[in-house]
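All residue numbers for the sequence shown refer to our numbering, where the first residue is 53 and numbers rise by one.
Everything labelled a hint here was simulated from the structure, so no lab data went into it.
Among the clues, some could well be false.
Pairs of lysine-lysine residues, derived as PhoX-like cross-links and limited to a Cα-Cα distance of at most 20 Å, are as follows [what the hints assert, rightly or not]:
no. : residue 1 : residue 2
1   : Lys-323   : Lys-360
2   : Lys-178   : Lys-226
3   : Lys-309   : Lys-323
4   : Lys-178   : Lys-231
5   : Lys-368   : Lys-231
6   : Lys-368   : Lys-323
7   : Lys-360   : Lys-231
8   : Lys-274   : Lys-226
9   : Lys-226   : Lys-272
10  : Lys-444   : Lys-309
11  : Lys-226   : Lys-275
12  : Lys-275   : Lys-265
13  : Lys-178   : Lys-190
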Amino acid sequence: MGFLVTDRSEEPSRDDIRCVRADLTERCETGDLIVTIKSKSQSFQVWETRPFERGMYKSGVSVGTFFCCTSLKEYLNISCLKNLNSTFEGMPNLNQVQALIGHYGPTVFFHPDEEFFPSSVPWFFKNGALLYRNGNTKGEPIDMRGSNLPCGGENDGAYWIDLPTNDNARENLKSGNIKTARLYVHVKPALGGTFTDIVMWVFCPFNGPAAIKVSFLNIKLKKIGEHVSDWEHFTLRICNFSGELWQVYFSEHSGGKWVDASDLEFIHGNKPIVYSSKHGHASYPHPGSYLQGSVAGIGVRNDAARSKFFVDSSLKYEIIAAEYLGDGYIAEPDWLQYMREWGPTVKYNSRSEIERLIDLLPPFVQFSLEDLLALFPTELYGEEGPTGPKEKNNWFGDERC
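Construct all of the structure, not just a fragment, from the sequences and the given hints.
The following block contains the structure:
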């Protein structure tokens, strides 16, 4: 489990040491870096540890130990604990989950200049979203519950959802409807059932175009970054021993990060604030401008700020899944079983927009077309709808950091 370090030459007392049976231990790995010390001769790091296998059905328990090393190639010769009770008896019941959401449910603020707001999924279907299938050019209206969507399987490209063909209806749907918006909640065990993860999903009918920051210039793009439908999320990690909010995970496009409760902003008591970025709807713990893929001060700009546009998740939420409560305990909505893309795949020539960007660069910024194309995430170069929450890796696994 670890090492006993003393400042004495005598062997420690046996009362200072405890043994754990091997079948109650699990492999662990390094997590966040706590401190690093570098000198001319060598370096020294101290890392947090965490179970190597993490997720809804994994049994590894974090014990709060740390690992010291002088090289990342060193073997991690310590372990964490393992919960052999697969029922995870410390998990909250449904009433307790609702109480936790009422107590800790974050308020999600959208940017004051946001154009593409969230909505409920039924509103999206009711106001003209269409289901397309490969080989058929005509879309099919979708029932408000999503009952006519193909269920199960995998994302095989056979089906996708798109906006209505009528221009006015398309623009109305792209704008969303924040009055109907709610957070879709997935509750699951974490770290061997010692914590509860309350995952809150936000649905937006449209993801707007990206903005590029080049030195002191901010350049709005016309098409790059757009796609139909946007699923983003954040996660509350709550200790099952004390009921305390431990951390919040903020999803930022293809990754994200955990933030300790002590580093969060709060509103109305114990409710954290989540800032949703303009157009892209990535989640951040504080207002500001965040650069994605930044190289030499050039990157995709994500602006987050407080405004009059917000959703209070402690009031506006719907629990869509909590598998640990038992089969059928939570009636999962039909649309949750749709595993295909929530938007069409459209390829367009991004080189023309990047060439326009190069023309706008000041003389002292020297970048070729290929340099700029290589800077930005590949998902910006085509319009591709995302898959739904249940198709994401973090539905069963841990969050990506």
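Here is what the structure says about each hint:
1. Lys-323 - Lys-360: Holds, because 17 Å separates the two Cα atoms, which is no more than 20 Å.
2. Lys-178 - Lys-226: holds, 13 Å
3. Lys-309 - Lys-323: holds, 19 Å
4. Lys-178 - Lys-231: holds, 15 Å
5. Lys-368 - Lys-231: holds, 10 Å
6. Lys-368 - Lys-323: holds, 14 Å
7. Lys-360 - Lys-231: holds, 12 Å
8. Lys-274 - Lys-226: holds, 15 Å
9. Lys-226 - Lys-272: The hint holds at about 18 Å.
10. Lys-444 - Lys-309: holds, 17 Å
11. Lys-226 - Lys-275: holds, 14 Å
12. Lys-275 - Lys-265: Holds - the C-alpha atoms of Lys-265 and Lys-275 are around 16 Å apart, at most 20 Å.
13. Lys-178 - Lys-190: Holds, at about 17 Å.
In summary, this structure violates none of the numbered hints.
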